[in-house]
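*Asks:* Each chain, letter by letter, is given below.
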Amino acid sequence: MITAMMVNTMEFAEREIYAVTIDAPIQVVWDTLVKTDEALPFFFGAVCDTKDGLKSGASMRMITPNGKFASVVGDVIEFSPPHRYAHTMQFTQYDDGPCTVTYELSEVDGGTLFKLITENVPAGTKTEKSMTSGGPFITANLKSLVETGRPKLSGRMVMTLGPLLGLVTPKRSRIENWPL
Amino acid sequence: MFTDEDMSAVFHALSHESRRKVLDLLKAEPGLSVGALAGRFDVSRIAVMNHLAVLEKAGLVISEKDGRSRRLYLNAAPIQMIQDRWMSEYSSHFAQRLTGVKYAAEAAANKKDPK
Chain A
542 MITAMMVNTM
552 EFAEREIYAV
562 TIDAPIQVVW
572 DTLVKTDEAL
582 PFFFGAVCDT
592 KDGLKSGASM
602 RMITPNGKFA
612 SVVGDVIEFS
622 PPHRYAHTMQ
632 FTQYDDGPCT
642 VTYELSEVDG
652 GTLFKLITEN
662 VPAGTKTEKS
672 MTSGGPFITA
682 NLKSLVETGR
692 PKLSGRMVMT
702 LGPLLGLVTP
712 KRSRIENWPL
Chain B
11 MFTDEDMSAV
21 FHALSHESRR
31 KVLDLLKAEP
41 GLSVGALAGR
51 FDVSRIAVMN
61 HLAVLEKAGL
71 VISEKDGRSR
81 RLYLNAAPIQ
91 MIQDRWMSEY
101 SSHFAQRLTG
111 VKYAAEAAAN
121 KKDPK
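If you read the sequences in order, they're chains A and B. The numbering of the first sequence is the numbering used here, which starts it at 542 and goes up by one. The numbering of the second sequence is the numbering used here, which starts it at 11 and goes up by one.
By construction, these hints were calculated from the structure, which means they are not laboratory data. Glycine is no exception: its CB is placed at the ideal position from the N, C-alpha and C atoms. It cannot be assumed that every hint is accurate.
[Stated by the list, open to error] Partial selection, computed: residues in chain A whose CB lies under 7 Å from chain B:
| no. | residue |
| --- | --- |
| 1 | Asp564 |
| 2 | Ala565 |
| 3 | Glu669 |
| 4 | Ala681 |
| 5 | Leu694 |
With these hints in hand, go ahead and build the complete structure from the sequences.
*Replies:* Below is the structure:
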């Protein structure tokens with residue numbers, strides 16, 4: 542939906558912040574966030590895949606559980622448990638350049654403040670559209686998963702529909718095109 | 011948790027026209043400084059600061075220090091949690107189709123018959 546409010550975004554879309562307070566210890570939130578080799582409902586049912594774990598400078602990619610497609614590829618910029626994790630990311634199905642995602646965790650009254658910050662998102666692109674809907678999805682689903690042990694309905698749906706998504710995934714997203 | 015108290019704070023924050031306008035401005039221009047934001051309003055800077063305090067308390071606005079100024083960002087997560095309470099993926103899909111038709115039809119009617 543295009544509104545008059547989008548007129549000024551070109552200049553300013555370089556940084557957006559999403560935040561929730563999660564009723565759980567910081568270590569639990571961190572461990573949930575950085576799990577690899579397991580389908581993550583808050584990441585649209587994708588698995589975070591690396592050569593030998595997440596660390597600064599490592600390549601990472603988000604792949605379908607069957608290992609056939611990579612939806613997102615990137616490089617880890619910072620990995621400082623349990624406070625900060627930043628990586629570049631690029632959607633394999635779009636031509637847009639990479640943007641940066643940073644997760645910041647801090648201990649606050651009532652649990653853990655979980656922030657998702659997106660930077661350098663190319664304005665007016667499909668990447669921007671995906672990031673704008675992805676931000677609230679990820680923060681709200683991670684919160685629900687950590688606090689209640691299960692993702693929200695939207696997260697459960699992507700897990701159920703995961704196998705079907707392969708049918709609509711473009712060829713260019715096939716895993717062999719995106720080596721680690 | 012997103013308690014009823016948290017939700018009340020969000021609705022209270024959204025219940026004032028000026029505060030909704032603050033969110034409009036921050037949605038369009040993430041990272042707007044407090045000074046620049048205050049400049050967009052006819053009311054006093056103090057009044058804008060009070061509105062900001064209410065929005066920050068509700069979690070709808072996040073501020074970050076940037077040198078001597080403070081940059082402001084809209085946080086959409088509390089609004090997502092309101093949607094989560096009453097809307098499923100299915101109902102949001104069909105509600106969006108409905109509102110999509112509404113916006114398109116109203117825009118078309120406006121073009122034909124400018125008021």
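*Asks:* For every hint, state whether the structure bears it out.
*Replies:* Taking the hints in turn, this is what the structure says about them:
1. With a least beta-carbon distance of about 5 Å to chain B, the hint placing A:Asp564 at the interface is held under the 7 Å criterion.
2. Violation of the interface hint for A:Ala565 is found here, the shortest Cβ-Cβ separation to chain B being roughly 10 Å, above the 7 Å cut-off.
3. The beta carbon of A:Glu669 is not positioned within 7 Å of any beta carbon in chain B (closest approach about 12 Å), and the interface hint is therefore violated.
4. The restraint placing A:Ala681 at the interface with chain B holds, with a minimum CB-CB distance near 5 Å, inside the 7 Å limit.
5. Taking 7 Å as the C-beta cut-off, the interface hint given for A:Leu694 holds, the closest approach to chain B being about 6 Å.
Hints 2 and 3, counting from the list given before, are not met by this structure.
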